[in-house]
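Here the protein sequences come in this chain order: A and B. Residue 401 in this note's numbering sits at position 401 of the first sequence, and the numbers go up by one each step. Count along the second sequence starting at 1, add 410, and that's the number in this note's numbering.
Heads up, some of the hints might be wrong.
Said to hold, decoys possible - Quick look at which bits of chain B chain A covers, simulated, 3 or more residues with Cβ under 8 Å:
id: 1; segment: 439-452
id: 2; segment: 545-551
id: 3; segment: 589-601
id: 4; segment: 655-661
Hint data in this document are derived by calculation from the structure and do not stem from the laboratory. Keep in mind the model is a prediction, meaning the values are calculated, not measured. For each residue, glycine too, the CB sits at the ideal point set by N, CA and C.
There are 2 protein chains.
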Amino acid sequence: MLTRNDCARHDAGDPLAGFRERFALPPDVIYLDGNSLGALPRDTPARVAALIETEWGRDLITSWNRHAWIELPARLGDKIARLIGAAPGEVAVADSTSVNLFKLLSGALDLVPERRVVLSDTGNFPTDLYVAQGLLGLRCGRLALRTVEETALIDAIDGETAVVLLTQVNYRTGRLHDLHDVTAAAHRAGALVLWDLSHSAGALPVALNAAGADFAVGCGYKYLNGGPGAPAFLFVAGRHQERLRPPLSGWMGHEAPFAFDPDYRPARGIARQLCGTPAILSLAALEVGVDLMLEADLGALRTKSMALGALFVDLVEQRCAGVLTLASPRDPAARGSQVSLRHPHGYAIVQALIARGVIADFRAPDILRFGFAPLYLRHVDVWDAVAQLADIMQSRAWDKPEFHRRAAVT
Amino acid sequence: MLTRNDCARHDAGDPLAGFRERFALPPDVIYLDGNSLGALPRDTPARVAALIETEWGRDLITSWNRHAWIELPARLGDKIARLIGAAPGEVAVADSTSVNLFKLLSGALDLVPERRVVLSDTGNFPTDLYVAQGLLGLRCGRLALRTVEETALIDAIDGETAVVLLTQVNYRTGRLHDLHDVTAAAHRAGALVLWDLSHSAGALPVALNAAGADFAVGCGYKYLNGGPGAPAFLFVAGRHQERLRPPLSGWMGHEAPFAFDPDYRPARGIARQLCGTPAILSLAALEVGVDLMLEADLGALRTKSMALGALFVDLVEQRCAGVLTLASPRDPAARGSQVSLRHPHGYAIVQALIARGVIADFRAPDILRFGFAPLYLRHVDVWDAVAQLADIMQSRAWDKPEFHRRAAVT
């Protein structure tokens, strides 16, 4: 039987252990929600303060050149490219994940005009489905969104499929789609794939180009630790870039933004995917998180992530047997960096955990979601979290009115 | 003949004089580019630091409820509403001006499906035209963008006009469209109007509802002093809100974002215009700028703005007569809060001014643009700026190689 000392021993041998110090984690909290909002890197406050006080306050408008603000979306994109197996010039940072999904889904559909189906899985994150619904309602033609169970996805790709729209890691269950296999199956059928890497980037190594991926988007505020509502990124494989027509054709994606021509001409390369003026404050904060992630070995990151998840599953099964159901694949290699459990009173149980300083989250209707951000979590954190969870379940500490009261955001 | 002492006397009697202290202006700079990037409010660094360190760093994901992050787009929208003559619930803050233009132009076109023309003026800010071009290329139907000279705009509205798309204050010349007259003319012809208030909000009083306006967007980083790339705002008149179909249908605009339904159902009211997760860092910075602007009397702001512009025109005509041409209307009531001059070597002249600490900007092909943000500029600043300008013109100090070298951003 595993002990807390065993966990501490694992932490002592953890090659990533030094990263925990680089985050400003509150002392009395076990934070298992880095999959929803990543923790604050220690360097972020000083970087943002310098940006505000020196670059904005002192150098004002001249900072677009003097501090190269204008290059930030591409420079930061090139850094994120290294985390997701993309080449320089294939990634930019801009807008939100939802807006970027719209851009790339629209651009992808232009490339296969004779096909009519956007295929996704029923468990895709709702905004991905909503964005597809909005776009299809806007465009000409008989386009349709079709969703199937995730296990039936590959078999559902057929000659009518224009674009496969998938989130690599399911936000509820953590189940991982095989990037390579799905992309290959889509290409064999003549379809394109748009990947949402929101729960992948910074959580596990992603090899976009090795998989022959076409398009991807992802989130800056989860495992990349960019702060609440951080800008998102988008990837367009080099071979598609010059053929892609940006539907959101704003001035920052123009070939010559400061020529102030009346007609839109898309910039060469990934820059055409920019739209309005970049959010410099938010980009600067995100860059700190990405720089920190780039110091880590992504293989070691994945190894630790799988170990933390497996430890959590083992401990829950030992200590909460028969009370909580595993909602994630049991095989760590089949999951992203989260483990989910099911319980009819999931919401109240999560609130009871939060009241004890163990921060997880709830996803309707019955999912308790535990994220394991391997840069800053320890094995002892997992041990302590399960100890609280087991106690809450045994004592029914969750069954209090205040834990059933739903907040605006769950 | 006016003297610098006369200017100092005007400043001593300025009811807005106290606001200058509230900005962290560099001591050796005269900043005449607040129309491009507003100055830094003194309270912004502390507010952003608290947001980062306490709300993000300490309270982490719980801040969505605990610090009401989820309400920020609407709360800040209600504040901006007071600056632009809108009612509570008619304004939200989200995304960029370009993205918001796309949303509302698409929504507006749905309301007049039998009409085929988006009408704008040839001098509209390019991103407004680009966004219209991108949207029209995407949508079904024989939609077309038609541009006419700004003086011919009202007469060009006809029975084919679906939406009039206009920036109230011309970014090059500062010329002001009459919000009320254009809106009334459009409505008489059965058309709708989408106003871009990027150079209006915080520069002059705007009375959207008094003018019967339909839709508007605007910028957070100019006169609202929200910081580089601050989020933008959008206005939808109450009477149109429930009929508007959001083309960018992201989860934050869903009726119940945390129900995670697979089908998009738009939220009631302005909230349906949200798309992805709001950029909390940037919203917090913008709120400081908006709060500061709300302390000012907008009538006094406009009076001072017109006085500063008129002073600038008088001094330029006295001291640079025949050398620089006025590119703005002479009547201060016909301008926004900027004055533009024309010169074939405009770019180099602006660089020479910047080298002397007078920050203006250049707009191709030949416009020197001087913005007068009335919250923090003094009459003596205008005096001193024109003194430098006159000296540069007389001595041809602009005619040096380094001032002709074009930077990435102009």
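Report holds or violated for chain A covering the segment 545-551 of chain B, Cβ cut-off 8 Å, minimum 3 residues.
The restraint on the segment 545-551 of chain B holds, since 5 of its residues have a Cβ under 8 Å from chain A and three suffice.
With a cut-off of 8 Å between beta carbons, are at least three residues of the segment 655-661 of chain B near chain A?
Since three or more residues must qualify, the claim that chain A covers the segment 655-661 of chain B holds, with 7 doing so at under 8 Å.
Annotated coverage of the segment 589-601 of chain B by chain A, confirmed only when three residues or more have a Cβ within 8 Å
violated (count 0)
So is the segment 439-452 of chain B in contact with chain A by the C-beta rule, three or more residues under 8 Å, or is the coverage claim wrong?
Coverage by chain A holds here, the residue count being 7 at a Cβ distance below 8 Å.
The structure fails hint 3 only (numbered hints given earlier).
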